[in-house]
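Asker: For the sequence shown, the positions run 1 to 206 when the working numbering is used.
Quick list of simulated restraints, FRET-style, between CB atoms: (1) 201 with 59: 34 to 42 Å; (2) 48 with 96: 14 to 22 Å; (3) 96 with 63: 20 to 28 Å.
Read the hints as simulated data drawn from the structure, not as lab findings.
Think of the CB as a built atom: it goes at the ideal place given N, C-alpha and C, for glycine as much as any other residue.
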Amino acid sequence: MKKRILSFFFICLSVFAVAAGAGAQAQAPLYPPDKTEHSIDLLAIECQNVGDFLASNDAGNADAFALEQESFRKTIENISIMLGPAGVPEVAELWDVYAALSARSNPPGVFLAQCMAVRRELQSALRVQLEAASPRTDVYDYESCVRAGYFVSNGVCFVGGTVAYDAKGYVIGRYNTDCYDANTYYSGSCWFCLYGNDGEGCFARP
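Can you build the whole structure from these sequences, using the hints too?
Answerer: The structure is reproduced here in structure tokens:
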């Protein structure tokens, strides 16, 4: 069993997209539930942090402002990677919010409202997707995992796990996921990497 599990440990990915299974050509891209929930959590933190900064006495400090911009930009890039094609509309909205932030064109309250509005859109989109799923999105094998919108690569569907970041704060993969292939379920023992890996873990973003 352990030898079979190891075959899933060293999966190197060049893309991070959602696969929706056979016959899904006409279907809109699905939001990956686990990554969407993580993105929603990231926005809750980042929107509030930047909003608080803009309302603070440090907002006029150019260096501090540049750091906040950089943090927000990385969050958007990470969310784009995690959501894949399904998240294109929300990511575009976040870039608009970022542009307004960079231009200092809105007061703190407006920034926070716009940023949190995108978060609510993601929450709503995921809720609608889950409610519309037929059959229900209980994951119990490879087919049900794909049907629910989870990430798929090389015939393996991955669920949950821990998001891996490099030292600069970019998403580089996910560790300790549950995964399914056509015949077997592996509990918490799979991982995948965006930019390659070795025995120590995922490589940093180039």
